[in-house]
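Protein chains in written order, with my numbering: chain A, 1 to 153; chain B, 1001 to 1288.
Accuracy of the hints is not assured; some may be wrong.
Calculated lysine-lysine pairs in the BS3-like style (CA-CA distance at most 27 Å, straight line) [unchecked claim]:
| # | chain 1 | residue 1 | chain 2 | residue 2 |
| --- | --- | --- | --- | --- |
| 1 | A | K40 | B | K1044 |
| 2 | B | K1053 | B | K1137 |
| 3 | B | K1096 | A | K39 |
| 4 | A | K146 | B | K1096 |
| 5 | A | K5 | B | K1010 |
| 6 | B | K1053 | B | K1003 |
| 7 | B | K1003 | A | K32 |
| 8 | B | K1053 | A | K32 |
| 9 | B | K1053 | A | K56 |
| 10 | B | K1010 | A | K57 |
| 11 | B | K1053 | A | K57 |
| 12 | B | K1058 | B | K1096 |
| 13 | B | K1258 | B | K1181 |
| 14 | A | K57 | B | K1058 |
| 15 | A | K5 | B | K1044 |
| 16 | A | K57 | B | K1096 |
| 17 | B | K1010 | B | K1058 |
| 18 | B | K1181 | A | K124 |
| 19 | A | K39 | A | K128 |
Chain B side only, calculated, beta carbon under 10 Å to chain A, not exhaustive [unchecked claim]:
| # | residue |
| --- | --- |
| 20 | I1002 |
| 21 | K1003 |
| 22 | Y1005 |
| 23 | G1031 |
| 24 | T1032 |
| 25 | L1035 |
| 26 | R1039 |
| 27 | K1040 |
| 28 | S1052 |
| 29 | S1076 |
| 30 | K1096 |
| 31 | L1189 |
Read the hints as simulated data drawn from the structure, not as lab findings. Cβ coordinates follow ideal geometry from the N, Cα and C atoms, glycine included.
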Amino acid sequence: MPELKICFNLNGREVTVMAPPDMTLLELLREKLDLTGTKKGCEIGECGACTVIINKKAVNSCMVLVPQVEGTEVITVEGLSQNGELDSLQQSFIKNHAIQCGFCTPGMLMSAKALLMNNPNPTKEEIKEAISGNLCRCTGYIQIIKAIASASK
Amino acid sequence: MIKEYYQPLKLAEALTFLSVFPGPVHILAGGTDLLVNMRKGQIKPEGIVDLSKIEELKTISQEGDNLSIGALVTFSELAAHPLVQELISVLACGAKAVGSPQIRNRGTVGGNIANASPAADLVPVLVALDGVAVIAKQNGLRKVPVAELIVGPYKTSLEPGEIIIRIEVNVPPKGTGMAYKKVGRRNALAISRLNGVCLLKLEDEIIKDVSLIIGSATPTPHRFTDVEEYLVGKNISQELLEEAGVMAREHVLAVTGKRPSSNYKLPVVERLTVRLLQVAWKGDKAYA
Ligand SMILES: Cc1cc2nc3c(=O)[nH]c(=O)nc-3n(C[C@H](O)[C@H](O)[C@H](O)COP(=O)(O)OP(=O)(O)OC[C@H]3O[C@@H](n4cnc5c(N)ncnc54)[C@H](O)[C@@H]3O)c2cc1C
Ligand code: FES
Ligand code: FES
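Looking at chain B on its own, in the form it has when it is part of the complex (with noise of 0.2 Å):
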């Protein structure tokens, strides 16, 4: 039974009812997550903050080498922002690839966050730049790589009376060459099996700064340091990208040991891999 349903307009109103609120509270944003499970009665909320009316969580502006994304920004409002598609196109692939038109229409960064499925869509590219979480209480504000933030399966070390308030990614240099691919079973409304996001900045075909995951892959998003660490200083080549496959399918193998389903996930992990680099280095061209 919901005994408080509370809708303030303003971030500090919701932060001191966070404060003083006994019971159980959840907080609700685009309830896309939060739907679903109070229908499946996984989730039984004593109070509802709804987050939804608060305009200065909707913001994205670009500050110095930074853009800050607010955390009730939609997925159809990220990927439709000019500042977006002009610095960071990539982060507008993974928008587009959640779900269907009416969740992009609601579903926010911050849940996508917050409700940290392995199987997020967005998640794997805020990571892939280095994303920060700012995350406001009643008596201050903390700031945590959304990398660190997400600590399991569902799992994020927010506590009580916390709001992730935006996210600030880093704006990848001039020239950065970017990739983003889902793996699902149908193009709308699948979960991911897999999914990847690459960056990769070349000078004179030598390769500068990569980053890297493969994402559904692993319990938490991460980047293939590894994998990275590898490649950062080779001169690039089709070898080398194979090579990189390999790698990233043993890293997934490390972090997860043998599972039924390996057999069929690791051989697209290191397809996945191989065309990621490739996509980011030579453009969509690279598959055409």
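Next comes chain A alone, as it looks inside the complex (with noise of 0.2 Å):
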């Protein structure tokens, strides 16, 4: 079948991309628009890395084909920044020492920047619980909970 013309707002800008339509959104992202920072594990919803926001929802991006994004708003990890100002998360996430390895960090990022835009101050369960779809080898979870709470305040 021949590539499909989808238009949606990425990271605030208008886009329109031309995509096979079984390409994942975490294909595009990579592959087509060369924006790397969200991460490929485990390609079956389960690790949490490609983590990006549609329409203000965490979601897995290796779980969406492309054309479903049409006319929706993604942000990835890209688009946090502003201005190239790192955003209050990212901030808090240096700060509190939530990176190690990093591989996890966009998603976990992203996870929670879905929670904040959606729960400005959240309880410490509420934090887990929006990151219980990520995975993390490296920090068992503490620092990243407390830089979470602490961008929230």
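Using the hints, put the two standalone chains together into the complex.
Below is the structure:
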């Protein structure tokens, strides 16, 4: 099948792309749009490394076909910083040592961002719930939870 | 190779497409099962009809004694809906038990039924509420109880060209106690080893009505009518609930036969049953 033309808002900008219909959003971001901040892990919805925000909700970009983003607003980790300045959540991750190898970090940030967009003052339980679909093999999560909590204050 | 990807805005268009497309065509809703199966190469669709833009399949509304849930409603939307929280909180519990926030933001009610996994977390709740699936085809509608639509593990009686459009569940009478519990290896992203749901209506300590399902324990989710019938009309007591636990255990053993996992699973079936009944009886405080 020929490629389809898909229009959506990506990190605040309207974009139009041509993509085969069985391409995932994850593949589109990484292979066609050079946005490699979004990480490719399991590709079956289990690790959360590929998390992006679609219409204010955290989703696994490996679980979305490109045509499904038609008309939506997508935010990737590249969309967090404004005018070259890191988002307060990103700064909080750095300050709280919430990053070791960094592979899970973009996904963690996007899950946390989606939480804060909908709930600016989450409880610790709500923070844990929000990142329950994101695996981290390094940090043991404690610093990540702290980083999100202190960014929400 | 996908030859055709169709993304209709109206149900009627989707039904027409399904009725004319010649090759194997798959319905796509949230994609959380389909994309995994495509990735593993278990499914190679020639055509995809993507329902995710059909707004008319995303509504939740009350119609008399029924709550009607659009097939494309996601787990997150279901759990957060005011009517669900007010009238049938156990549906929200089932929805919240699924996967992770990311999966709940995509996965749909219709997909949970159509996928027909024995470990599905929402399906047992729908069955406990006597949920009926409303199924559309090019030339009409049919209604089938969810419990009958699922005919085996990963098998439904859906025919080619058919789309589940909504599920109608009974709103339990006021004062009905409800309980839901999932038993998995960990909280998030765990496939249910067991799950269970119970609805309990008492009148002066006499059991008027009860609906009980232990899910993931049997190939298809169904109400444990033998246990239910034993309970109805009796005075509720801890001893009675213990008896129900033993009966549920025997029920599962009778359905599945002895399995390597029985030694582990059956005792949990028993305790889960007692616990569900207790929570439906006394509220969460029963185990606080
Ligand atoms: C990481 C991960 C974790 C998960 N955890 C859980 C869990 O904890 N509990 C649980 O229950 N499930 C879980 N699932 C499974 C899945 O999320 C659910 O079964 C979900 O309900 C599927 O819905 P969907 O909209 O994504 O379906 P899709 O993947 O879009 O479709 C699934 C199947 O149903 C068919 N279909 C979909 N909608 C309709 C319709 N309206 N009419 C007819 N046919 C239709 C499709 O053709 C396909 O065969 C998990 C999945 C993943 C990837
Ligand atoms: S790569 Fe998408 S969840 Fe793991
Ligand atoms: S920092 Fe290495 S996986 Fe999380």
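Now the hints, each set against the structure:
1. A:K40 / B:K1044: With Cα atoms ~22 Å apart, K40 (chain A) and K1044 (chain B) stay inside 27 Å; holds.
2. B:K1053 / B:K1137: holds (18 Å)
3. B:K1096 / A:K39: holds (26 Å)
4. A:K146 / B:K1096: holds (24 Å)
5. A:K5 / B:K1010: holds (20 Å)
6. B:K1053 / B:K1003: Holds. K1053 (chain B) to K1003 (chain B) sits at ~20 Å (cutoff 27 Å).
7. B:K1003 / A:K32: holds (21 Å)
8. B:K1053 / A:K32: holds (24 Å)
9. B:K1053 / A:K56: Between K1053 (chain B) and K56 (chain A) the Cα gap is close to 17 Å, so the pair holds against 27 Å.
10. B:K1010 / A:K57: OK: K1010 (chain B) and K57 (chain A) at ~24 Å, within 27 Å.
11. B:K1053 / A:K57: Holds. K1053 (chain B) to K57 (chain A) sits at ~16 Å (cutoff 27 Å).
12. B:K1058 / B:K1096: The hint holds at about 18 Å.
13. B:K1258 / B:K1181: holds (24 Å)
14. A:K57 / B:K1058: Within the cut-off at roughly 16 Å; holds.
15. A:K5 / B:K1044: holds (22 Å)
16. A:K57 / B:K1096: holds (15 Å)
17. B:K1010 / B:K1058: With Cα atoms ~12 Å apart, K1010 (chain B) and K1058 (chain B) stay inside 27 Å; holds.
18. B:K1181 / A:K124: Satisfied, since the Cα-Cα distance of roughly 22 Å is no more than 27 Å.
19. A:K39 / A:K128: Given that 27 Å is the threshold and the Cα spacing comes to 21 Å, the pair holds.
20. I1002: holds (5 Å)
21. K1003: OK, holds: K1003 (chain B) within 10 Å of chain A, min 5 Å.
22. Y1005: Holds, about 3 Å.
23. G1031: G1031 (chain B) check passes; min Cβ-Cβ to chain A is 6 Å, inside 10 Å.
24. T1032: Holds. Min distance 6 Å.
25. L1035: holds (5 Å)
26. R1039: holds (6 Å)
27. K1040: With a minimum Cβ separation of about 8 Å from chain A (threshold 10 Å), the hint on K1040 (chain B) holds.
28. S1052: Interface hint status for S1052 (chain B): holds (5 Å vs cutoff 10 Å).
29. S1076: Check passed: Cβ of S1076 (chain B) comes within 7 Å of chain A, closer than 10 Å.
30. K1096: At about 9 Å, which falls below the 10 Å cut-off, the nearest Cβ of chain A leaves the hint on K1096 (chain B) intact, so it holds.
31. L1189: holds (6 Å)
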